[in-house]
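Chains as they are written, first to last, in this note's numbering: chain R, 1 to 436; chain L, 1 to 440.
Keep in mind that a hint or two might mislead.
From chain L, some residues computed to sit far from chain R (all C-beta separations above 12 Å) [stated by the list, open to error]:
#1 R30
#2 G65
#3 A191
#4 E217
#5 F238
#6 R265
#7 I292
#8 L388
#9 V417
#10 S425
Derived contacts from chain R toward chain L, CB cut-off under 10 Å, selection only [to be verified]:
#11 K74
#12 F78
#13 Q82
#14 F88
#15 S91
#16 N106
#17 R110
#18 R147
#19 L297
#20 G300
#21 A302
#22 D314
#23 A369
In case anyone wonders, no lab produced these hints; they're calculated from the structure. All C-beta atoms in this analysis are idealised placements derived from N, C-alpha and C, irrespective of residue type, glycine included.
The lines below spell out each chain.
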Amino acid sequence: MSHATVKIPATSYAVERLTLENGLRVVLSPDRSAPVIGVAVVYDVGIRSEPEGRTGFAHLFEHLMFQGSENLEKLAHFRYVQASGGVFNGSTHLDYTDYYESLPSNALERALFLEADRMRSPRITPENLANQIAVVKEEIRVNVLNRPYGGFPWLKLPPVMFGTFPNAHDGYGSFVDLESATAEDAASFFRTYYAPANAVLCVAGDIDVAEATALIEKHFGGIAARPKPERPDFSEPDLTEERRASHTDPMAPMPAVAMAWRVPDPVKEFDAYLPYVVLAEVLTDGDASRLVERLILDDGIATSVSGYLGFMGDPFDVRDPTAMLLQIHFPPQVTLATVEAAVDEELARLATDGLSEAELARVQARLAAHMLRETDSVLGRALSMAVLEQQRDRAELINELPRLLGSVTTDQIAAAAATLRPGRRALLEIVPGGAQ
Amino acid sequence: MTALAVPDLTSPREAPTPVSAERTLSTGLRVVAIERSSVPLVELRLRVPFAGERESDVAHASVLGETLLSGTAGLSAVQIAATLQEVGGGLSVSVDPDRLLVSGNALAAGLPRLLEVLAGVLTGAAYPEKEVRIERERLADRIEMAASQPSHAVREALLKRLFGEHPYGTETPEPAHVRLVEPPLLRALHARRVLPEGSVLVLVGDVPAEQVLDAVEAALSPWSATGAEITVPPMPAFAPGPLLLVDRPGSVQSSIRMGVSAVPRSHPDYPALQLANLVFGGYFSSRLVENIREDKGYTYSPHSGIDHAVAGSMIVISADVATEVTAPALVEMAYELGRIATLPPQTDELEQARQYAIGTLALSVASQAGLASMLAALATTGLGLDWLAGHPKRLAAVSADEVFAAAAKYLGPARAVPVVLGDASAVEPSVSALGPVVRG
Numbered sequence: 001m002s003h004a005t006v007k008i009p010a011t012s013y014a015v016e017r018l019t020l021e022n023g024l025r026v027v028l029s030p031d032r033s034a035p036v037i038g039v040a041v042v043y044d045v046g047i048r049s050e051p052e053g054r055t056g057f058a059h060l061f062e063h064l065m066f067q068g069s070e071n072l073e074k075l076a077h078f079r080y081v082q083a084s085g086g087v088f089n090g091s092t093h094l095d096y097t098d099y100y101e102s103l104p105s106n107a108l109e110r111a112l113f114l115e116a117d118r119m120r121s122p123r124i125t126p127e128n129l130a131n132q133i134a135v136v137k138e139e140i141r142v143n144v145l146n147r148p149y150g151g152f153p154w155l156k157l158p159p160v161m162f163g164t165f166p167n168a169h170d171g172y173g174s175f176v177d178l179e180s181a182t183a184e185d186a187a188s189f190f191r192t193y194y195a196p197a198n199a200v201l202c203v204a205g206d207i208d209v210a211e212a213t214a215l216i217e218k219h220f221g222g223i224a225a226r227p228k229p230e231r232p233d234f235s236e237p238d239l240t241e242e243r244r245a246s247h248t249d250p251m252a253p254m255p256a257v258a259m260a261w262r263v264p265d266p267v268k269e270f271d272a273y274l275p276y277v278v279l280a281e282v283l284t285d286g287d288a289s290r291l292v293e294r295l296i297l298d299d300g301i302a303t304s305v306s307g308y309l310g311f312m313g314d315p316f317d318v319r320d321p322t323a324m325l326l327q328i329h330f331p332p333q334v335t336l337a338t339v340e341a342a343v344d345e346e347l348a349r350l351a352t353d354g355l356s357e358a359e360l361a362r363v364q365a366r367l368a369a370h371m372l373r374e375t376d377s378v379l380g381r382a383l384s385m386a387v388l389e390q391q392r393d394r395a396e397l398i399n400e401l402p403r404l405l406g407s408v409t410t411d412q413i414a415a416a417a418a419t420l421r422p423g424r425r426a427l428l429e430i431v432p433g434g435a436q
Numbered sequence: 001m002t003a004l005a006v007p008d009l010t011s012p013r014e015a016p017t018p019v020s021a022e023r024t025l026s027t028g029l030r031v032v033a034i035e036r037s038s039v040p041l042v043e044l045r046l047r048v049p050f051a052g053e054r055e056s057d058v059a060h061a062s063v064l065g066e067t068l069l070s071g072t073a074g075l076s077a078v079q080i081a082a083t084l085q086e087v088g089g090g091l092s093v094s095v096d097p098d099r100l101l102v103s104g105n106a107l108a109a110g111l112p113r114l115l116e117v118l119a120g121v122l123t124g125a126a127y128p129e130k131e132v133r134i135e136r137e138r139l140a141d142r143i144e145m146a147a148s149q150p151s152h153a154v155r156e157a158l159l160k161r162l163f164g165e166h167p168y169g170t171e172t173p174e175p176a177h178v179r180l181v182e183p184p185l186l187r188a189l190h191a192r193r194v195l196p197e198g199s200v201l202v203l204v205g206d207v208p209a210e211q212v213l214d215a216v217e218a219a220l221s222p223w224s225a226t227g228a229e230i231t232v233p234p235m236p237a238f239a240p241g242p243l244l245l246v247d248r249p250g251s252v253q254s255s256i257r258m259g260v261s262a263v264p265r266s267h268p269d270y271p272a273l274q275l276a277n278l279v280f281g282g283y284f285s286s287r288l289v290e291n292i293r294e295d296k297g298y299t300y301s302p303h304s305g306i307d308h309a310v311a312g313s314m315i316v317i318s319a320d321v322a323t324e325v326t327a328p329a330l331v332e333m334a335y336e337l338g339r340i341a342t343l344p345p346q347t348d349e350l351e352q353a354r355q356y357a358i359g360t361l362a363l364s365v366a367s368q369a370g371l372a373s374m375l376a377a378l379a380t381t382g383l384g385l386d387w388l389a390g391h392p393k394r395l396a397a398v399s400a401d402e403v404f405a406a407a408a409k410y411l412g413p414a415r416a417v418p419v420v421l422g423d424a425s426a427v428e429p430s431v432s433a434l435g436p437v438v439r440g
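With the rest of the complex left out, here is chain R (with noise of 0.2 Å):
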């Protein structure tokens, strides 16, 4: 029952699918509204399937895929898509690895025919796989090594949680790793997880259904089929003691604390998962918020909370085994008990006194709104779309999200919070090492 003061609405994208013979699923959302186009091609194949000795390697692939195919020779990629005024990028994640465009609607075909190419046969040479390297390695630099709180929580975090290769190790890689890797490593990954059977390609946008279907079978049916690979079974128990850890990190001034507590599994238990994404909300989502409210409002002891689900930050596009995650930065002079306490007094209270209807009324309409406004983008849609068709084959469920977490009750909410105990939590501290 909700009580928000305004109702939430619901939006109604057209979810149109086919399979091509060689097992390629494609899901078509029409919309006329603005001529412009998003394409998404999510491949079955992340973070968690790379082999041990080659960690980083779901990504450095990523960067190989951008790096000529079939017809078209290195730069071609790039220069075809922006030449036709779009953007492109790829991403890859736990569970997936992504590759998209977006782009003016007259751009259909070509559009297709670069993405069909690559899955045909990529062009990987010894050049373009050390010159990748190269670049990845700075990406590393960039992002984790040169820089304070670098991988935190994302990649800290993980091996303090879980047991287990796939689930526990660094997903950008170690250079000792990244620069093992050779071309036949690439060319049977590729054989192996790139697929047509292990992909969805979704188009979202300004689109004839019957127009785009023609020209997807044309592009897509000639490239042959190859098994779909079948996933492994990555899940875990949940923790039993709470695990700790400490990182001093040299360039960091201020301390931080990053906390993660095993959910339910996304896909299979959708229903005890929901109440989760609403609660990390109740807990940090603005002022009115639990956590803000007291660690930085009333106590003034956090710089900054945040709190989310999968490691990640999208709490859709993920498989078991997942976690809930709160992030707090807080000043030298307060201590991390003071930090801890201050969140499992709120969690219990949350836990034992629940909340009002309008507490969660309103958080959910904003959870509504932050949704909404994802979708609006015709890319955000059509990688939206593609990943609920992967891992749940629910395009649809991109509309109904927003209403279904809109009906998770207070008394789900309290029992969410309840199992946020500190005896099965993982816990990474980040120390200051000494800013410069």
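We have chain R; now place chain L onto it with these hints.
Here is chain L on its own, set in the frame of chain R:
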């Protein structure tokens, strides 16, 4: 096997012209409303001129930005946030040396509430003692954290080098100054400088434009304070000279930045300079990226972008490179700056940049939030929907000769002011071989 041909583009479809309306209230506030029903939301941007005169003004302005939403006579900070959340809404505030910007959004049905809260803080922000104390300490801590980030530290060094004592020389105040800011000063600053005259309010969303204007007029007419806006002196001409090397011992990368004088969006040379900059380093398929990333692997994300401020425009070229290739990267950057300034661009690379500029302009305004942010940025120099509608035609009309002339006039290594933040003892010997170096 014969290579397949890459498909041509089909004929483009025109973007529908959105319904828009504008009104200037008797208080001087200019309001722009645009209907866009793509999602049932409304986006808000309020740009208030907010230039300062002295370095200490930056501290005061920054704390004001952090505490504008910290309470009114009737509502606490928590109540303001909760009231907005009830309609799916939120507001945030940022300041820079030109302006104060209030950004927000809400479910479309919540527009009246969003405006009511905005009017409440504009006319009655209370700057309560406790909230100011807490927020100024938080801000000071955050500035100390930012200062430890190389990207922030090198920007500070570049701005100081380019602008010296000009107000643009200091974007971020000293933490010690921030910790001294008291509520009475904030109240006085608000009364003197948070003024409707000269301000622009942009609303984009799923509400009829005229209805938006009426709602704004009803809610914001009480915001009627008057005073005198401070005018920022024009940007000084940049004085190229020795490379400024700022030491960050142990740094595994060097953060290279170069500042180059540019022209505002309204200048006749601007479309040509925009394209010249794209060809040089403004997007992925540029010479700079193809050279120092895709060929040499020196860096992850080199870029050259044009920044526009009220008092002038500049190009900032950036690359974060491995320490050991600092000097070679500088050589390539100077080479590409020299090449763009002294040789005409190729036809195909110019056409590619042109299509990119036109296409991405359309993409950037295809969402409610993108359009609202673009209009707020254009308002910096008094531009609006007319400029936006006319710019694709201006880009289409630029000739190769004009692009070459703009590159020759504005780019070139002799016009760039270089700053490097990195491990000075490691890079100074090789960097010194390229030209004079000063330590900063």
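How the hints compare with the structure:
1. In this structure R30 of chain L is separated from chain R by more than 12 Å, as the shortest Cβ-Cβ distance comes to about 25 Å.
2. Every beta carbon of chain R lies more than 12 Å from that of G65 of chain L, the smallest distance being close to 15 Å; the non-interface claim holds.
3. Separation of A191 of chain L from chain R is adequate, the least Cβ-Cβ distance of about 24 Å exceeding the 12 Å criterion.
4. For E217 of chain L, the requirement that its beta carbon stay farther than 12 Å from each beta carbon of chain R is met, with the minimum near 23 Å.
5. For F238 of chain L, the shortest C-beta to C-beta distance to chain R comes to about 26 Å, beyond the 12 Å cut-off, and the non-interface label holds.
6. Listed as outside the interface, R265 of chain L is consistent with that label: its C-beta sits roughly 19 Å from the nearest C-beta of chain R, beyond the 12 Å cut-off.
7. Annotated as non-interface, I292 of chain L brings its C-beta within 12 Å of a C-beta of chain R; the closest such distance is 10 Å.
8. Remark: the non-interface label on L388 of chain L is consistent with the geometry, its nearest Cβ contact in chain R lying 14 Å away (cut-off 12 Å).
9. With a cut of 12 Å on Cβ distances, V417 of chain L stays outside the contact zone with chain R, its closest approach being about 22 Å.
10. Once the 12 Å rule is applied to beta carbons, S425 of chain L is consistent with being away from chain R; the minimum gap is 14 Å.
11. With its C-beta approaching chain L no nearer than about 7 Å, K74 of chain R sits inside the 10 Å limit, and its interface hint holds.
12. Hint status for F78 of chain R relative to chain L: holds, with the closest Cβ pair at about 5 Å, below 10 Å.
13. Hint status for Q82 of chain R relative to chain L: holds, with the closest Cβ pair at about 5 Å, below 10 Å.
14. For F88 of chain R, the shortest C-beta to C-beta distance to chain L is roughly 8 Å, which falls under 10 Å, so the interface hint holds.
15. With 10 Å as the threshold, the beta carbon of S91 of chain R stays out of range of chain L, its nearest partner Cβ sitting at about 14 Å, so the hint is violated.
16. Annotation: interface hint on N106 of chain R holds; nearest CB of chain L at approximately 4 Å, less than 10 Å.
17. For R110 of chain R, the interface hint holds, since its Cβ comes within 10 Å of a Cβ in chain L; the closest pair sits about 5 Å apart.
18. Because the closest C-beta pair between R147 of chain R and chain L is about 6 Å apart, less than 10 Å, the hint holds.
19. Against a cut-off of 10 Å between C-beta atoms, the interface hint on L297 of chain R holds, since the closest Cβ of chain L lies about 6 Å away.
20. Against a cut-off of 10 Å between C-beta atoms, the interface hint on G300 of chain R holds, since the closest Cβ of chain L lies about 5 Å away.
21. A least Cβ separation of about 8 Å between A302 of chain R and chain L falls short of the 10 Å threshold, and the interface hint therefore holds.
22. Evaluation of the D314 of chain R hint against chain L yields a violated restraint, the C-beta minimum of about 18 Å exceeding 10 Å.
23. At its closest, the beta carbon of A369 of chain R sits 3 Å from a beta carbon of chain L; the interface hint therefore holds under the 10 Å criterion.
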